[in-house]
Amino acid sequence: MRTVYVDNNATTRVAPEVVEVMLPYFSDLYGNPSSMHFFGGQVQKKVNEAREQVADFLGADPSEIVFTSCGTESDNAAIFGTLDSYPEKRHFVTSRVEHPAVLNVTSYLNRKGYRTTEIRVDREGRLDLDELKESISDDTALVSIMYANNETGVIFPIEEIGQILKARGIPFHTDGVQAAGKIPLNMKKSTIDMLSISGHKLHAPKGIGVLYIRKGTKFSPFIIGGHQEKGRRGGTENVPYIIGLGKACELAKKHLGDENTRVKALRDYLETKILEKIPNTLVNGDRNNRLPNTLSVSFEYVEGESILLLLSDLGICASSGSACTSGSLEPSHVLRAMGVPFTAAHGSIRFSLSIYNTKEEMDYIIEHLPPIIQRLRDISPFWKDYLKSQGK
Amino acid sequence: MWDYTDKVKDHFLNPRNVGEIENPDGVGEVGSLACGDALRLSFKLDENKRIKEVKFKTFGCASAIASSSALTEMIKGMTLEEAEKVTNQDIANYLGGLPEEKMHCSVMGREALEAAIANYRGQKVVKEDFEIVCKCFGVTDREIIKAVRENDLKTVEQVTYYTKAGGGCAKCHPKIEAILEKVRKEMEQEGILQRPERKKLTNIQKIKLIEETLGREIVPALKADGGDLELIDVEGSKVYVALRGKCSFCPSSEFTLKQYVESKLKEFVSDDIVVEEVKP
Numbered sequence: 001m002r003t004v005y006v007d008n009n010a011t012t013r014v015a016p017e018v019v020e021v022m023l024p025y026f027s028d029l030y031g032n033p034s035s036m037h038f039f040g041g042q043v044q045k046k047v048n049e050a051r052e053q054v055a056d057f058l059g060a061d062p063s064e065i066v067f068t069s070c071g072t073e074s075d076n077a078a079i080f081g082t083l084d085s086y087p088e089k090r091h092f093v094t095s096r097v098e099h100p101a102v103l104n105v106t107s108y109l110n111r112k113g114y115r116t117t118e119i120r121v122d123r124e125g126r127l128d129l130d131e132l133k134e135s136i137s138d139d140t141a142l143v144s145i146m147y148a149n150n151e152t153g154v155i156f157p158i159e160e161i162g163q164i165l166k167a168r169g170i171p172f173h174t175d176g177v178q179a180a181g182k183i184p185l186n187m188k189k190s191t192i193d194m195l196s197i198s199g200h201k202l203h204a205p206k207g208i209g210v211l212y213i214r215k216g217t218k219f220s221p222f223i224i225g226g227h228q229e230k231g232r233r234g235g236t237e238n239v240p241y242i243i244g245l246g247k248a249c250e251l252a253k254k255h256l257g258d259e260n261t262r263v264k265a266l267r268d269y270l271e272t273k274i275l276e277k278i279p280n281t282l283v284n285g286d287r288n289n290r291l292p293n294t295l296s297v298s299f300e301y302v303e304g305e306s307i308l309l310l311l312s313d314l315g316i317c318a319s320s321g322s323a324c325t326s327g328s329l330e331p332s333h334v335l336r337a338m339g340v341p342f343t344a345a346h347g348s349i350r351f352s353l354s355i356y357n358t359k360e361e362m363d364y365i366i367e368h369l370p371p372i373i374q375r376l377r378d379i380s381p382f383w384k385d386y387l388k389s390q391g392k
Numbered sequence: 393m394w395d396y397t398d399k400v401k402d403h404f405l406n407p408r409n410v411g412e413i414e415n416p417d418g419v420g421e422v423g424s425l426a427c428g429d430a431l432r433l434s435f436k437l438d439e440n441k442r443i444k445e446v447k448f449k450t451f452g453c454a455s456a457i458a459s460s461s462a463l464t465e466m467i468k469g470m471t472l473e474e475a476e477k478v479t480n481q482d483i484a485n486y487l488g489g490l491p492e493e494k495m496h497c498s499v500m501g502r503e504a505l506e507a508a509i510a511n512y513r514g515q516k517v518v519k520e521d522f523e524i525v526c527k528c529f530g531v532t533d534r535e536i537i538k539a540v541r542e543n544d545l546k547t548v549e550q551v552t553y554y555t556k557a558g559g560g561c562a563k564c565h566p567k568i569e570a571i572l573e574k575v576r577k578e579m580e581q582e583g584i585l586q587r588p589e590r591k592k593l594t595n596i597q598k599i600k601l602i603e604e605t606l607g608r609e610i611v612p613a614l615k616a617d618g619g620d621l622e623l624i625d626v627e628g629s630k631v632y633v634a635l636r637g638k639c640s641f642c643p644s645s646e647f648t649l650k651q652y653v654e655s656k657l658k659e660f661v662s663d664d665i666v667v668e669e670v671k672p
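If you read the sequences in order, they're chains A and B. Going letter by letter, the first sequence gives residues 1 to 392 in the numbering used here. Going letter by letter, the second sequence gives residues 393 to 672 in the numbering used here.
Calculated from the structure, these hints are not laboratory results. Be a bit skeptical, because a hint or two may be false.
[What the hints assert, rightly or not] Listed next, the in silico DSS-like pairs over lysine-lysine satisfying Cα-Cα at most 30 Å (straight line):
1) Lys384(A) - Lys656(B)
2) Lys527(B) - Lys112(A)
3) Lys392(A) - Lys447(B)
4) Lys399(B) - Lys112(A)
5) Lys388(A) - Lys436(B)
6) Lys384(A) - Lys444(B)
7) Lys112(A) - Lys656(B)
8) Lys392(A) - Lys436(B)
9) Lys468(B) - Lys384(A)
10) Lys388(A) - Lys447(B)
11) Lys112(A) - Lys444(B)
12) Lys112(A) - Lys671(B)
13) Lys436(B) - Lys384(A)
14) Lys384(A) - Lys401(B)
15) Lys401(B) - Lys112(A)
16) Lys277(A) - Lys388(A)
17) Lys277(A) - Lys401(B)
18) Lys638(B) - Lys89(A)
19) Lys638(B) - Lys592(B)
20) Lys384(A) - Lys638(B)
21) Lys399(B) - Lys384(A)
[What the hints assert, rightly or not] Label pairs and their computed distance ranges (CB to CB):
22) Asp395(B) - Arg111(A): 29 to 35 Å
23) Gly226(A) - Tyr632(B): 34 to 40 Å
24) Pro566(B) - Lys388(A): 38 to 44 Å
25) Gln163(A) - Tyr632(B): 55 to 61 Å
26) Glu20(A) - Ser424(B): 52 to 58 Å
Computed from a predicted model, the values in this text were never measured in an experiment. Idealized CB from N, CA, C, for every residue including glycine.
In isolation and in its complexed conformation, chain A is listed as follows (with noise of 0.2 Å):
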């Protein structure tokens, strides 16, 4: 059977330059960086480049440059590590649609005894910057913002709240593991004190992330150890992962392009195609201000796992927000915290493309997709309910 793979923000291929990159480094150079003699020496030098194209990808310092476990460590090492280092502030600000990594450590932090604020959105999913800006004071200790959501794709006006904050002295941290590869990054012109990205989201493989922070950021380390990433990771380097990150950071940089024209066409056209031919859908999130690569769609009157399920049959690998597909029984928060109605939220689908994706594969999914709905339409009985409401 093939495989048409569109959960790109669930995870990517590993480049096959990446992986050759990282091979050496499970075999023959396996030297600790941090060693003095000539064998570690080496391998340091590599560690030392890819630090360097993960800074010039991200328009940074390499000094700036802290490697992780992955995307949630980078999250959390961010939200603790200022925290702890501003231990007379109690209040810390985000939103009501981040990752898990994020939204699960501020109900921690609540029940700690901190004071959050999870900002709203609107029905197209953007933030509401107004109460952004109400509920920050001296007291506010860390806002952390997603750069770009990963079920809807909506990309928010990350340097508007850093401009917002930095005139108030309040430290701004971003998740930005959808945003990175998908959206030109530059650290030198921007307003975020610390940034997370996550290897598996840009082609490198799982157990890798970033934690970008600012020189003069106040930081104190999540992860207490040896004296590496300057003291602000402890832990022996993951140098074949770092080396695959270094790799597939330079490569994202030279697709950017590529994913602002090619993939973000296939897109528009996958979701042209759909709302065409599939009457009752609707696209979740501000169509306006929208990663080039994602796509997420609603469709009334159907469970989002039976669609999955069909589409899986058909080898086309996507994901979806119901509340069947993740064993809770609530659709996802992100959706809910839109206030797409019910008789969407359940039925919504999210196709994320990479680089990798083709127009062929495109119309494999238009060609399928269609009857898969109005299957499990013909088995529910709102649809026909509906139908009698309209007259037809």
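Position chain B relative to chain A; hints supplied.
Showing chain B alone in chain A's frame:
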């Protein structure tokens, strides 16, 4: 990805008896769009009052569609008296099992059947006659009690898996806990539940076991949240404890004691244990 059996996959990919019967003898509908799944079941009887034709329409996930399809196959040819005896467990068994988190799909099938039979008999299952325990999903005490009895449910989590109750805001968890306790006690008295035979403990053994259980199962979790607990005394089946740290002024401490401490001690020490808090 869910670990569905081949039978579930088959009934999802090739559902049997999809549709609605025109002029049915009975029709039942449960669930809603808001809840994420719904089932409309209709049937017609033959001259011998057996189910001649039965059809369903389902909005929901793969296991909801498969459960509905399975149910229709199971009850074809049955009298209503026979069909009434079909439990959600029978539906799950027919499918070779369902993931526990998805058992509510089989419960939905049984409820739709019940509603359809009541509709045929001119009765009405009126939700208003019962207390709505879970407001998020509109689940009544009657439905919870039935699920607990038919499936021998022991925890709030299981009740959520089987009925959805408690799967939203979680405010009803203490209520579900109370229902569980009451129903399981009734089941015990009716002799439905067999108590596992436990070795009789001497007083010293009992206190030791309580201490061990507290130290292993309970205190670490409380400490993680900034609380603590101290064993004060044991008198027969009564265990007196004092809550320390954050637990001592936590508004849900009573819930912690009953739901968590007592149930762990019941599990590891003795079924008759009652935990009481000693206030400073």
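Going down the list of hints, with the structure as the test:
1. Taken as a hint, the Lys384(A) and Lys656(B) pair is broken in the structure, with Cα atoms around 50 Å apart against an allowance of 30 Å.
2. Under the criterion of a C-alpha separation no larger than 30 Å, the hint pairing Lys527(B) with Lys112(A) is consistent with the structure, at around 28 Å.
3. Distance hint between Lys392(A) and Lys447(B) is fulfilled; the C-alpha atoms sit about 22 Å from each other, no more than 30 Å.
4. Proximity of Lys399(B) to Lys112(A) is assessed by CA-CA distance (about 47 Å); at most 30 Å being required, the pair is judged violated.
5. With a C-alpha separation of about 24 Å, the suggested pairing of Lys388(A) with Lys436(B) holds against the 30 Å cut-off.
6. In summary, the hint linking Lys384(A) to Lys444(B) is supported, as the alpha carbons are separated by about 24 Å, within the 30 Å threshold.
7. Between Lys112(A) and Lys656(B), the direct Cα distance comes to roughly 25 Å. Compliance with the 30 Å bound is thereby established for this hinted pair.
8. For a cut-off of 30 Å, the pair hint linking Lys392(A) to Lys436(B) stands: about 27 Å separates their Cα positions.
9. Between Lys468(B) and Lys384(A), the direct Cα distance comes to roughly 25 Å. Compliance with the 30 Å bound is thereby established for this hinted pair.
10. Pair hint Lys388(A) plus Lys447(B) holds up; C-alpha atoms about 19 Å apart against a cutoff of 30 Å.
11. In summary, the hint linking Lys112(A) to Lys444(B) is not supported, as the alpha carbons are separated by about 61 Å, beyond the 30 Å threshold.
12. Restraint check for Lys112(A) and Lys671(B): the C-alpha separation of about 23 Å stays at or below 30 Å, so the hint holds.
13. At roughly 21 Å between alpha-carbon atoms, Lys436(B) and Lys384(A) fall within 30 Å of each other, so this suggested pair holds.
14. Distance hint between Lys384(A) and Lys401(B) is fulfilled; the C-alpha atoms sit about 25 Å from each other, no more than 30 Å.
15. The suggested pairing of Lys401(B) with Lys112(A) is violated, with an alpha-carbon distance near 45 Å, which exceeds 30 Å.
16. Proposed proximity of Lys277(A) and Lys388(A) is supported: the alpha carbons are some 21 Å apart, at most 30 Å.
17. As the CA atoms of Lys277(A) and Lys401(B) are separated by approximately 27 Å, the hinted pair is consistent with the 30 Å bound.
18. Taking the CA atoms of Lys638(B) and Lys89(A), the gap is about 21 Å. The hint holds against a cut of 30 Å.
19. Straight-line distance between C-alpha atoms of Lys638(B) and Lys592(B) comes to about 36 Å, which puts the hinted pair past the 30 Å bound.
20. Our distance criterion of 30 Å between C-alpha atoms is broken by Lys384(A) and Lys638(B), whose separation comes to about 55 Å.
21. With a CA separation close to 28 Å, the supplied pair Lys399(B) and Lys384(A) stays within the 30 Å bound.
22. Between Asp395(B) and Arg111(A) the CB atoms are about 33 Å apart, so this pair conforms to the stated range of 29 to 35 Å.
23. One distance hint, 34 to 40 Å for the beta-carbon pair Gly226(A) and Tyr632(B), is violated here, with the actual separation near 47 Å.
24. Range check, Pro566(B) to Lys388(A): about 43 Å between beta-carbon atoms, so the 38 to 44 Å window is met.
25. Take Gln163(A) and Tyr632(B): their Cβ atoms lie about 59 Å apart, and the range 55 to 61 Å holds.
26. For Glu20(A) paired with Ser424(B), a C-beta distance near 53 Å keeps the hint of 52 to 58 Å intact.
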